[in-house]
Amino acid sequence: MSPRPFGAFSIPALELAPALLGSILVRSINGTRVAGRIVETEAYPGGDDLGSHSRGGRRTARNGAMFLAGGHAYVYLIYGMHHCFNVVSGRDGEGEAVLIRALEPLEGLDAMRARRGRSGDRDLCRGPGRLAAALEIDRKLDARRLGGQSGLWIECGTAPRKIVTSPRIGLGEVGPWASRRWRWCDAESIHLSRPARIGR
DNA sequence: ACCGAGATTGCG
DNA sequence: GCAATCTCGGTC
Numbered sequence: 001m002s003p004r005p006f007g008a009f010s011i012p013a014l015e016l017a018p019a020l021l022g023s024i025l026v027r028s029i030n031g032t033r034v035a036g037r038i039v040e041t042e043a044y045p046g047g048d049d050l051g052s053h054s055r056g057g058r059r060t061a062r063n064g065a066m067f068l069a070g071g072h073a074y075v076y077l078i079y080g081m082h083h084c085f086n087v088v089s090g091r092d093g094e095g096e097a098v099l100i101r102a103l104e105p106l107e108g109l110d111a112m113r114a115r116r117g118r119s120g121d122r123d124l125c126r127g128p129g130r131l132a133a134a135l136e137i138d139r140k141l142d143a144r145r146l147g148g149q150s151g152l153w154i155e156c157g158t159a160p161r162k163i164v165t166s167p168r169i170g171l172g173e174v175g176p177w178a179s180r181r182w183r184w185c186d187a188e189s190i191h192l193s194r195p196a197r198i199g200r
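In terms of the numbering used here, the first sequence has 182 at position 182, counting the first letter as 1, and numbering is strictly consecutive.
Among these hints, one or two may not hold up.
[Stated by the list, open to error] With a straight-line cut-off of 20 Å between C-alpha atoms, the simulated EDC-like cross-links for lysine to aspartate or glutamate are:
1) 162 x 15
2) 162 x 188
3) 162 x 186
Honestly, the hints are just simulated from the structure, not real lab data. Bear in mind that the values here come from a model prediction, so they are computed numbers and not experimental data.
Using the sequences and the hints given, assemble the complete structure.
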């Protein structure tokens with residue numbers, strides 16, 4: 001049974017974020033598959049969401065990819081050190097994206113370990129910066145369409161039996177929005193994402 | 001032009 | 001607890 005590509009990227013970020021839980025993020029590096037199951041996501045709608053890079057329609061050299069059509073990659077550098085991978089959602093020009101915050105490592109564990117240096121397997125892909133490093137995702141992939149051409153795509157997986165929601169990490173109390181983070185909560189991988197806690 | 005804070009991480 | 005050090009918005 002061959003894997004089906006995930007395709008429903010044009011829905012709003014608030015719907016895409018939970019829908020992505022359980023699907024498989026795949027990176028092809030020189031023909032080698034490195035992949036993991038998505039277990040933690042955050043929605044970043046644009047518009048009046050003060051926590052979003054695209055708030056108020058702000059458009060810069062860094063966040064331009066956010067305004068592409070759903071199904072593109074938005075990769076940015078944070079703290080001058082780490083890359084964060086987002087799946088652009090919605091329609092062209094809307095400026096919505098879903099941040100992928102954690103994976104359960106499934107394939108290419110040796111390649112992940114090699115890129116992550118000294119790290120326990122549990123921490124290989126736990127955190128946005130860590131999974132970007134493990135899958136060799138950086139600014140070169142920014143604004144690329146997800147798919148075989150870019151060597152980065154998403155395959156349909158298994159829906160979690162249980163999902164928990166909580167506020168986004170690191171934003172504090174931003175406006176009237178409380179729960180915009182989703183975590184796969186089944187027993188076998190609950191420990192692979194960040195526990196619920198209000199940032200800062 | 002300068003400065004502080006940020007969707008983070010690893011080391012002390 | 002803090003340094004690493006890019007990007008951007010606010011302020012001077």
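The hints, checked one at a time:
1. Restraint check for residue 162 and residue 15: the C-alpha separation of about 16 Å stays at or below 20 Å, so the hint holds.
2. Of the pairs offered as hints, the one joining residue 162 and residue 188 holds, with about 11 Å between alpha carbons and a cut-off of 20 Å not exceeded.
3. For the given pair, residue 162 sits about 6 Å from residue 186 by alpha-carbon distance, which is consistent with the 20 Å threshold.
In summary, the structure agrees with every hint in the numbered list given earlier.
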